[in-house]
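J.: Here's the letter readout for the chains.
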Amino acid sequence: GNSVTQMEGPVTLSEEAFLTINCTYTATGYPSLFWYVQYPGEGLQLLLKATKADDKGSNKGFEATYRKETTSFHLEKGSVQVSDSAVYFCALSGNQFYFGTGTSLTVIP
Amino acid sequence: EAGVAQSPRYKIIEKRQSVAFWCNPISGHATLYWYQQILGQGPKLLIQFQNNGVVDDSQLPKDRFSAERLKGVDSTLKIQPAKLEDSAVYLCASSLERELFFGEGSRLTVL
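Chains as they are written, first to last, in our numbering: chain A, 190 to 298; chain B, 5 to 115.
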C-alpha cells in the first residue's frame with residue numbers, strides 16, 4: 190500500500206542554518222509528491238510539489254527532488270528564517286492523499 | 005480566488021453532545037475531502053466526495069460520524085454523539101488536478 194514516513198521532530202535551528210527534513214515513501218504506480226506547511230493556527234498550504242521522477246519542486250527557497258531510486262523526497266533550505274517556523278508535512282497522491290506525521294521546525298534568532 | 009471556507013473555527017462541547025462543521029470548497033472543485041488531524045499527527049482522511057457522491061469513506065466511524073455534500077458544493081460533517089477522542093482539528097480540502105487546497109480547519113474540543 191501507499192505510505193509516507195518522515196523525520197521525527199521537533200527540529201530547532203538557528204537563523205541562517207541549513208535545513209533538511211527527510212521523507213521516504215512507499216507507493217504503487219507513479220504518485221505525485223508534495224510538501225505542505227502548516228503555520229500556527231492555520232490550515233495546510235502547499236509548499237512545493239513534484240509529479241515525476243527526477244523532478245525538483247521549489248518555492249520560497251525550499252527545494253525537494255523526487256528520487257525514485259531511493260523512494261525519497263527530502264526537503265531542504267539553505268538558510269532558514271524565523272518566519273519558516275511551522276510544521277512540515279510530506280505527502281503523496283495515489284488513489285487518495287497520504288500524509289506523513291509532520292515535522293515541527295522552530296527557528297531561533 | 006476565494007479559498008476553502010470552514011466554520012466554526014472553534015467548538016467546545018461535552019461528550020455525548022453533537023456538533024456539525026460546514027465547508028464551502030473552492031468554486032469549480034469537484035472533489036471535496038474531510039480530514040481529521042489529531043494533535044501531533046498528520047491529517048487522516050475521513051471521507052472523500054466527487055461532486056455529491058462518496059468516493060471513499062472507509063475510515064469514517066459511521067456509528068457516530070456522518071457527512072453529506074448537497075448539490076455537489078457545500079458539505080457538512082456531523083458527529084453524534086461525540087467522544088473525548090474526537091478532540092481534533094477537522095480539515096476540509098478541495099482539489100484540482102491532484103493538488104489539495106485546505107481550509108483553516110475547525111478545532112473541536114470534547115470535555
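No lab work stands behind these hints: they were computed from the structure. Values in this document were obtained by computation on a predicted structure and should not be read as measured data. Don't be surprised by glycine CBs; every beta carbon is placed ideally from N, CA and C. It is possible that part of the hints are untrue.
Stated by the list, open to error - DSSO-like mimics (lysine-lysine), calculated; alpha carbons at most 27 Å apart, straight line:
1. B:Lys66 / B:Lys87
2. B:Lys15 / A:Lys241
3. B:Lys82 / B:Lys66
4. A:Lys241 / A:Lys257
5. B:Lys19 / A:Lys257
6. B:Lys15 / B:Lys87
7. A:Lys238 / B:Lys82
8. A:Lys249 / A:Lys266
9. B:Lys19 / B:Lys75
To be verified - Residues from chain B that keep clear of chain A, each with C-beta distances beyond 10 Å, as calculated:
10. Gln10
11. Gly44
12. Lys48
13. Lys75
14. Gly76
15. Leu95
16. Gly107
J.: Against this structure, judge whether each hint is valid.
T.: How the hints compare with the structure:
Simply put, B:Lys66 and B:Lys87 have alpha-carbon atoms about 13 Å apart, close enough for the 27 Å limit, and the pair holds. Distance restraint check for B:Lys15 and A:Lys241: the Cα-Cα separation of roughly 41 Å exceeds the 27 Å cut-off, and the hinted pair is therefore not satisfied. A distance of roughly 10 Å separates the Cα atoms of B:Lys82 and B:Lys66; the hinted pair therefore holds under the 27 Å criterion. This hinted pair checks out: A:Lys241 and A:Lys257 have alpha carbons roughly 9 Å apart, not beyond 27 Å.
For the given pair, B:Lys19 sits about 46 Å from A:Lys257 by alpha-carbon distance, which is inconsistent with the 27 Å threshold. Of the supplied pair hints, the one linking B:Lys15 and B:Lys87 holds, its CA atoms being roughly 14 Å apart against a limit of 27 Å. The hinted pair formed by A:Lys238 and B:Lys82 fails the criterion: a straight-line CA distance of about 32 Å is larger than 27 Å. Distance restraint check for A:Lys249 and A:Lys266: the Cα-Cα separation of roughly 9 Å lies within the 27 Å cut-off, and the hinted pair is therefore satisfied.
For the proposed pair B:Lys19 and B:Lys75, the alpha carbon gap of about 31 Å is over 27 Å, so the pair is violated. Its beta-carbon lying about 8 Å from the closest one in chain A, B:Gln10 breaks the requirement of being farther than 10 Å from that chain. The Cβ of B:Gly44 sits about 7 Å from the closest Cβ of chain A, inside the 10 Å cut-off, so the non-interface label is violated. Look at B:Lys48: its CB is around 8 Å from the nearest CB on chain A, not clear of 10 Å, so calling it non-interface is violated.
Listed as a non-interface residue, B:Lys75 keeps its Cβ farther than 10 Å from every Cβ of chain A; the least gap is roughly 23 Å. Listed as outside the interface, B:Gly76 is consistent with that label: its C-beta sits roughly 19 Å from the nearest C-beta of chain A, beyond the 10 Å cut-off. Non-interface status of B:Leu95 relative to chain A is broken: a Cβ of that chain comes within 10 Å, the nearest being about 6 Å off. A beta-carbon of chain A comes within 10 Å of the beta-carbon of B:Gly107; the shortest separation is about 5 Å.
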